[in-house]
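Asker: Please put together the full structure from these sequences, using the hints given.
There are 2 protein chains.
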Amino acid sequence: MLGRLNHVAIAVPDIAVASAMYRETLGATVTTPQMLPEHGVTVVFIELGNTKVELLEPLGEASPIAAFLAKNPAGGLHHVCYEVDDIIAARDRLKTSGARILGDGEPKIGAHGKPVLFLHPKDFQGTLVELEQT
Amino acid sequence: MLGRLNHVAIAVPDIAVASAMYRETLGATVTTPQMLPEHGVTVVFIELGNTKVELLEPLGEASPIAAFLAKNPAGGLHHVCYEVDDIIAARDRLKTSGARILGDGEPKIGAHGKPVLFLHPKDFQGTLVELEQT
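First to last, the protein sequences are chains P and S. Counted the way full-length UniProt numbering counts, the first sequence spans residues 1 to 134. Counted the way full-length UniProt numbering counts, the second sequence spans residues 1 to 134.
Keep in mind that the hints were calculated from the coordinates and are not lab data. Among the clues, some could well be false.
As the list makes no split between identical chains, a pair holds if one copy fits it or if it spans any two.
Straight-line C-alpha distance at most 25 Å; calculated BS3-like pairs for lysine-lysine [said to hold, decoys possible]: (1) K71 - K114; (2) K52 - K114; (3) K71 - K122; (4) K122 - K95; (5) K71 - K95; (6) K108 - K95; (7) K114 - K95; (8) K122 - K108.
Answerer: This is the structure:
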C-alpha cells in the first residue's frame, strides 16, 4: 500500500531563518516561500533529488502547527507523508485494522492540491503520518 | 552540498509492534530486525522506493536513543539523514559557518558502515540532522 516518501515536514518558527540555514550552511536548493492561508502555513521545499523536506511556518491564528510550536518553540520534525495510489482504499484498510483517521475521516485537498488524510500519532509510535494520493 | 535523503529515523519502544503496524496496517515492506550493539540500537528498514524509514529500538544500557524515549515514551520522529559526497568538506563548511558538530567533530562509522556526523539540533530548528558520506 505505501508508495514513495513524498516529504518530511519540519515546523519552524521563522521560515526565512530556516531557509537561509538550509541554503547557505547546508548548500541545499530551497524554493521561495508560498503562503497557503487555507492551510494555515507558509511553506518552502528543500529539493533533495529523491524526495523533499517541507519547512512549515504558522500562518494566521488557526494554524494547524501552532500547538506543535508552542510545545517545541525551536521547531522540530512534524510529520512524514507517504504516497498511496488510492486514498479511499487506504483509508478503508486502515479503519478495518483499527487505526484512527484524524478529522472526519474524509480526504481533504492538501497543500499540493491532492487528496490527503492524517493518521493519529498514537497509532504510529508517536509519529504524525500523512497519506497523499498520487 | 546536500544530496539525497538517505533515511528518516523513528525511535520506537517496541520494534516488533512497530514493524507489524507498518507491515500489516500500512502494507509496507519491512526488513527483519538487526541488532547493532555497537550503536546501541535494534533497527529495521521500511523500504519506500525512493528512500527508507529506519525504526530504532534501544539496545543495551547506553543506547543513544534512551533519553529521547524517556521524554517521548510512545516514540517519535528522531532524526533525518542527508547524503553528502565528502563528509570532511561538509564538516569544515559547517564549522566555518558556526554550526556545531556533536561529539568530537570526527566522523564515525555509522549503522550502514559509512562515515557519519550528527549536527546539533539547536542549529537546525530543533531537528537532529545526520550527514552520511556515500
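Asker: Please go over all the hints and tell whether each is borne out by the structure.
Answerer: Do the hints match the structure? See the list:
1. K71 - K114: neither (29 Å within a copy, 35 Å between copies)
2. K52 - K114: Answer is both; intra-copy 16 Å and inter-copy 23 Å each pass.
3. K71 - K122: both (17 Å within a copy, 15 Å between copies)
4. K122 - K95: For K122 and K95, only the intra-copy Cα distance (14 Å) is at most 25 Å; the inter-copy one is 38 Å.
5. K71 - K95: neither (29 Å within a copy, 29 Å between copies)
6. K108 - K95: within (17 Å within a copy, 43 Å between copies)
7. K114 - K95: Answer is within; shortest intra-copy Cα gap is 21 Å, inter-copy 40 Å.
8. K122 - K108: Answer is within; shortest intra-copy Cα gap is 21 Å, inter-copy 34 Å.
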